[in-house]
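Protein chains: 6
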Amino acid sequence: MSRIDGRTPQQLRPVTIERGWSKHAEGSVLVSFGDTKVLCNASVTEGVPRWRKGSGEGWVTAEYAMLPRATNTRGDRESVKGRIGGRTHEISRLIGRSLRAVIDYKELGENTVVLDCDVLQADGGTRTAAITGAYVALADAIAWAQTKKLIRASRKPLTGTVSAVSVGIVGGDPLLDLRYEEDVRADTDMNVVCTGDGRFVEVQGTAEAEPFARDELNTLLDLAAAGCTELAGLQRAALDTALER
Amino acid sequence: MSRIDGRTPQQLRPVTIERGWSKHAEGSVLVSFGDTKVLCNASVTEGVPRWRKGSGEGWVTAEYAMLPRATNTRGDRESVKGRIGGRTHEISRLIGRSLRAVIDYKELGENTVVLDCDVLQADGGTRTAAITGAYVALADAIAWAQTKKLIRASRKPLTGTVSAVSVGIVGGDPLLDLRYEEDVRADTDMNVVCTGDGRFVEVQGTAEAEPFARDELNTLLDLAAAGCTELAGLQRAALDTALER
Amino acid sequence: MSRIDGRTPQQLRPVTIERGWSKHAEGSVLVSFGDTKVLCNASVTEGVPRWRKGSGEGWVTAEYAMLPRATNTRGDRESVKGRIGGRTHEISRLIGRSLRAVIDYKELGENTVVLDCDVLQADGGTRTAAITGAYVALADAIAWAQTKKLIRASRKPLTGTVSAVSVGIVGGDPLLDLRYEEDVRADTDMNVVCTGDGRFVEVQGTAEAEPFARDELNTLLDLAAAGCTELAGLQRAALDTALER
Amino acid sequence: MSRIDGRTPQQLRPVTIERGWSKHAEGSVLVSFGDTKVLCNASVTEGVPRWRKGSGEGWVTAEYAMLPRATNTRGDRESVKGRIGGRTHEISRLIGRSLRAVIDYKELGENTVVLDCDVLQADGGTRTAAITGAYVALADAIAWAQTKKLIRASRKPLTGTVSAVSVGIVGGDPLLDLRYEEDVRADTDMNVVCTGDGRFVEVQGTAEAEPFARDELNTLLDLAAAGCTELAGLQRAALDTALER
Amino acid sequence: MSRIDGRTPQQLRPVTIERGWSKHAEGSVLVSFGDTKVLCNASVTEGVPRWRKGSGEGWVTAEYAMLPRATNTRGDRESVKGRIGGRTHEISRLIGRSLRAVIDYKELGENTVVLDCDVLQADGGTRTAAITGAYVALADAIAWAQTKKLIRASRKPLTGTVSAVSVGIVGGDPLLDLRYEEDVRADTDMNVVCTGDGRFVEVQGTAEAEPFARDELNTLLDLAAAGCTELAGLQRAALDTALER
Amino acid sequence: MSRIDGRTPQQLRPVTIERGWSKHAEGSVLVSFGDTKVLCNASVTEGVPRWRKGSGEGWVTAEYAMLPRATNTRGDRESVKGRIGGRTHEISRLIGRSLRAVIDYKELGENTVVLDCDVLQADGGTRTAAITGAYVALADAIAWAQTKKLIRASRKPLTGTVSAVSVGIVGGDPLLDLRYEEDVRADTDMNVVCTGDGRFVEVQGTAEAEPFARDELNTLLDLAAAGCTELAGLQRAALDTALER
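Chains as they are written, first to last, in full-length UniProt numbering: chain A, 1 to 245; chain B, 1 to 245; chain C, 1 to 245; chain D, 1 to 245; chain E, 1 to 245; chain F, 1 to 245.
Same shape as in the complex, but just chain A:
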């Protein structure tokens, strides 16, 4: 069996992580997982939401959206419909939780980072690409805040790294990093978010067609953990180079 793009079952698509994409954002990453392209902009502001004021702790949140023609057929804009759809809400919340898992709020101080993840082109795995790219944008934004003395240089707001990948069972085969065409044919679809040290932040498995057994779950988790480890390496490599501003 070979995949539509010739990959092996446990192979990621080509991944690129382009830092400093936008000149305005404190952290700005254009991440691509194959044809999936997500622009992840991190905005830092001093202060925190009202319910957190005076706590000495910071906050990190995320918003996910798709351009109307990121997909094969045009979708109506949520701004025009006047309401955010359930899928958008669900993914925005997932991204926010995933990034907060590696944040030490005390070390961040009363600062807020908003991660805007806008899908410019979609081909499956937009939420996992978004998390993977947003982590890098977040790291750049925190470094910027330390340069600007919003956060003292000795502080360590990041407690680790975080990346994410999708896995699924397609035609009986467990596959890593599904493209859109694979995703729609998957019996089971799972999104896994891991820290760089191999622990889990989120595991979301869904039976699309058939309920799945414990051993299938185990196979998918193995596949995902390996994929996340590989992505963590790519994140590290991307962050290793100096960023000109």
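One thing to keep in mind: the hints can contain errors.
[Said to hold, decoys possible] Think about it this way: if two alpha-carbon atoms lie no more than 20 Å apart in a straight line, the pair counts; the simulated PhoX-like pairs of lysine-lysine are:
#, chain 1, residue 1, chain 2, residue 2
1, F, Lys-81, B, Lys-81
2, C, Lys-81, F, Lys-81
3, D, Lys-81, F, Lys-81
4, B, Lys-81, A, Lys-81
5, B, Lys-156, B, Lys-106
6, C, Lys-81, D, Lys-81
7, D, Lys-81, E, Lys-81
8, B, Lys-81, D, Lys-23
9, E, Lys-81, A, Lys-81
10, B, Lys-81, C, Lys-81
11, E, Lys-81, C, Lys-81
12, A, Lys-81, C, Lys-81
[Stated by the list, open to error] Incomplete in silico selection of chain C near chain D, CB under 8 Å:
#, residue
13, Ser-55
14, Phe-200
15, Ala-207
Hints are computed from structural coordinates only; laboratory data are not their basis. Note that CB positions come from ideal geometry on N, CA and C, so glycine has one too.
Fit chains B, C, D, E and F to the supplied structure of chain A, relying on the hints for placement.
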């Protein structure tokens, strides 16, 4: 160690499943997991949404909501705010997917079942109680539709049963069926949806405080699978008695 | 002539008033007028809306809503539609005004009570059941606030009691407390809110088919006044027993 | 005792009914009750809403609104707020019901008349002025539709006339047709809608400060009935002159 | 060639400017350009929006709207649709910018003037009539504020006058102040806002059918400038008489 | 005097027009005017909006939006706010009108093209870059539709080309193609849309600080016309190369 209500770690709260609660709905179940009470009403209508017309296949969907004072402090109504929150969206989608996992659309024919799950009183586990109760309401609604000849008696729209339970690691201990006070103290929180034959429909694990390791995940899955099996027994028992209409 | 459920024209349906229904609300009443069931939760908060701050006076307000399948055919959720319908607005305002008619704002002090009246099952007379039940929930909430010293024990925020009932002319006959099937056939429909001492708080009469003459109005008012008196007795009886919290 | 504008208790303010105010509407009336000015435009369209199609019956509905600076302090526009307030909803519904009370749907045929009542300047009694003016606009619109053969000349869609007035108890005195300053000081406030033959279409009495007794209600109904009769005469006089188009 | 109403190409429709139309607004003008009638109410409040507080400078803004039956066929209310249309937004912004062009914010002090321009009847040129009338309402409102000592009498918040007119090329002919029937037939349509000393505040030219050449643009600008000068004279004349309040 | 980026007053910023940017859209252009980057996606669908059905004519429309962090400080998403702002509406309408000016609806046939112009990074002139890029995307989309036989190859839906540029008077100097920092300091700001043959489609001049005189307007129009001509050349050059799909 003992839990706030004296349960063992692997013990469910007292569960009641009261069928025929409302006289109007085709299936109507008031389910309680301890102090969590959810009214699950199933409404059957002939026909399907526009995008499914002519397919010969049916549709099942769900909406979840909370009464404003279901919780300890009053929440604003989403109807008054004019928008549905992300949490509501996320849970409504989860319930819908969980029930569709045991539906054979062809056997259902071009009929739609809407499951309304309204939380009357909340004490943790509202989404898992909702799924568990909604399955029973769905079964009653389908039986009604077969009585009324909307679906032929020989058809089998349900391919299995589905139930759900929450598990979490609280103070280092893996616990089944968390109450609200346990839930807020959990390091890891997981909602698991299983079929009656022990397979998984949804696995949603979230690191609330600390990322979790693979063996913790395994312990939680064991705990959840046993809880779901017990709930499946309670569903069967509830459905075994005749329902007066 | 006999009514569909065998009542005499001047007979109420069986009324039950169950206090302490929800464990969270400061006052919580499940009221039923026959098959009409409304959950009335009273929430007490210290402080008042901005426009009333510093006045030394409290505030009481109400919100009415129906579960989607409270009625014979499912209605769309107002939260999903993104807007509150005219009928909902109208009834919420009526309930609020009715309860405020027996409140002494000075005695209440700068506290707010919100009454949430959610119709779990509808069979006519939902607004009158809501007012009748909400009064009892309000009384319990105020008693709670006095126990908690939010309001001094010597204060008397309630100046009286309030109850409500519908009346109408159906097929030429004046009837008390209409069920849904009677309501849709009524020529004239009137909702009357009275204090326990027999005075009027609201009189809302509507010609559904034919304009009505003064003597018909008088007959309906007599009928309603007697019904309200009976309901006031039931409220007193319900409040006479001690409420365990 | 004398009223702020020197009227006797049972005296209406000066009422003007100016027909043909707008060149576009099929019926267009600028009605004034003293300083309260409401523009009532009736729009006729062939056809009826979807739920009424094929019934052979027509429909009449109304929308009420206020210009932002119709009142003493500017109110935010409901279009800007993105939602219609409860008061607007309540009054729109009242106007619609009042006019439908004198419509024979069969005689109207499958035509719809929408009454837009926009308050240009408010000084109390805007809803009663709106009903009184809208009736005249409706009569003109129906006459227009008969001229244009949308409705056959032999048909009688109007079964009577309808007018409305407010009454209230202010400082112990029952007063007819309250101005804004009287309205805010009223203990009881009542809006009464009558047909030209002296029967009631709507009676809406509200205790603003003190509950009211049966004899107070009777006094107010007498006052209102006399006021409506006088208004019916003014409507007839206005309609007696030919309308140039 | 003659125009539908017999005007010459460079002739305005009859213009009336009626001050003091509403008793509530600090400035209130009913302006008509032929059958186009716009009620322009200016509301003065002490203080400025939050983003301007402490600046010592004032603010002027505008809202434009149409009554549903201002036009030949009834339009749905934006309040009922729950959103403001693009055309409304565009015109509200244009009116606000035009009036701010003659305001000295320092001289105005921390006061806000809101101009509500509500089209009661439309026949082309509603935005230009609105600007022309709103200027007069603004002048009256500022005079009122000076009388009431909100603004010191020695201040000069107005730096000039502003008026507006539409021009267009219809059937090859450049015409001033288009009626609706001319407007829909125009190849090019331009709205021009001028100060009383003949300079431009806004020039908005749109090719409706055919792109337009530079000399056509010049002809239209000449026509518009002359029209604005004439309107400035009418504004001056209107303001020359004393306003009774 | 020299500009912040060293350009001469009549010099455009570096312009790039990258075709085929997204794999999904029928026409997809990433246009940049210096640091302003706009992704212009053209989506073709068979059929037209309801109000145009059966006319044999097509339709072209546009939607403009900004990513939240396209600008120097983050803006709230319009989808989250639940409403589209006035500026967005105004620009979407401008882009739509500009493109429709070079469309022959008959030749387009009953097809619809939607242009989505999403600003990825903003530095002044986003609307003019959007129009300039959208024209190229539109041309590619129409060519695609002709390849796919949605439009016959012999048809000529495009009657010309269209491009746009901003001009303004900054510190007394007329400048072409303003960057953001120039734009905020401009006394007068003008957006001009021209066809390739030098005629005007839209002229929108606004006095930001001081009203402008006729000769200033003329200078700005000269500057803009030259800029548009230059842009038309760049569009032609971009379209001259073959587009791989």
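Consistency of the hints with the structure:
1. F:Lys-81 / B:Lys-81: Holds, at roughly 12 Å.
2. C:Lys-81 / F:Lys-81: holds (16 Å)
3. D:Lys-81 / F:Lys-81: holds (12 Å)
4. B:Lys-81 / A:Lys-81: holds (16 Å)
5. B:Lys-156 / B:Lys-106: holds (9 Å)
6. C:Lys-81 / D:Lys-81: Holds: Lys-81 (chain C) and Lys-81 (chain D) sit about 16 Å apart, inside 20 Å.
7. D:Lys-81 / E:Lys-81: With a Cα-Cα distance of about 11 Å, the restraint between Lys-81 (chain D) and Lys-81 (chain E) holds, given a limit of 20 Å.
8. B:Lys-81 / D:Lys-23: Judged against 20 Å, a Cα distance of about 40 Å means the pair is violated.
9. E:Lys-81 / A:Lys-81: OK: Lys-81 (chain E) and Lys-81 (chain A) at ~12 Å, within 20 Å.
10. B:Lys-81 / C:Lys-81: Status holds; Cα separation ~11 Å.
11. E:Lys-81 / C:Lys-81: holds (12 Å)
12. A:Lys-81 / C:Lys-81: Cα-Cα ~12 Å, so holds.
13. Ser-55: violated (16 Å)
14. Phe-200: holds (5 Å)
15. Ala-207: With Cβ-Cβ at 5 Å, under 8 Å, it holds.
Comparing the model with each numbered hint stated earlier shows that hints 8 and 13 do not hold.
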